[in-house]
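Enquirer: Each chain, written out:
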Amino acid sequence: MAKFSAAVTGSRIDIAEETRLATPAGEAGAVVTFLGFCRDEGGRLAELELEHYPGMAEREIARILQEATERWSLLSARCLHRYGRVRPGEEIVFLACASTHRQAAFEAAEFVMDFLKTRAPFWKREHLIDGTVGDWVTAKDTDDHSASRWHKL
Amino acid sequence: MKIVYFAWIRERIGVAEEEVVLPAGVLTVGDLLRYLKTQSDNHAAALQAPEVVRVAIDQEHVDHAQPLEGAKEIAIFPPMTGG
Chain A
1 MAKFSAAVTG
11 SRIDIAEETR
21 LATPAGEAGA
31 VVTFLGFCRD
41 EGGRLAELEL
51 EHYPGMAERE
61 IARILQEATE
71 RWSLLSARCL
81 HRYGRVRPGE
91 EIVFLACAST
101 HRQAAFEAAE
111 FVMDFLKTRA
121 PFWKREHLID
131 GTVGDWVTAK
141 DTDDHSASRW
151 HKL
Chain B
1 MKIVYFAWIR
11 ERIGVAEEEV
21 VLPAGVLTVG
31 DLLRYLKTQS
41 DNHAAALQAP
51 EVVRVAIDQE
61 HVDHAQPLEG
71 AKEIAIFPPM
81 TGG
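Protein chains in written order, with the numbering used here: chain A, 1 to 153; chain B, 1 to 83.
Worth flagging that the hints you see were computed from the coordinates, not collected in a lab. Just to be clear, a hint being listed does not mean it is correct.
[Stated by the list, open to error] Stretch-level coverage of chain A by chain B, calculated; a stretch enters the list once three of its residues show a Cβ under 8 Å from a Cβ in chain B:
1) 8-20
2) 117-127
3) 136-145
Ideal Cβ placement from N, Cα and C applies to all residues, glycine included.
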């Protein structure tokens, strides 16, 4: 059984260190990492505020990682997601999937991100450069479509 | 029963959580959403389109037909936008 771990954090993510930790020495032929970043939205955005459901957020990410390890032959999977205030250019989410051969890690990483977008309890709100509090970000139908393509036949 | 709210649903209702004593006949998630909607103008504004609202019972996603029996904490929130 592959090792998987999920965490939420109010701090910056040390990408180099997390990537190193996610790489099982010797066994892994491939580690696929994904990083999700905060955009500046054409220079309008000062910060993104990320609200989360403490407890469920970690549990839901862990459930998605567990499902990925059941569907693909992974050596490990690790995901960190930030909450609180995030500035443009900063990372929001880190994911690493390790496998013996690359295909399992690539596919599992895409699966985890598609499900994380629609199932992990996080909500984004924009804070703009001009000092106004913008809207809550609206969920995209395309996210549901991306997740639904993984449904088992 | 403890109800917790998130994001714009929390803001429209005006509290992050509340204790609710369910009246007889409120048996499912759908029943609960319809009942809460009648509790104040704020609740009505937050839950005006219950079909878009997502619900978790004891930190697991459920659909609106799910029975409430045995639930300790019910979370009500908009579609998620993480990642």
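Enquirer: Hint by hint, work out which the structure violates, then give me just those numbers in ascending order.
Expert: 1
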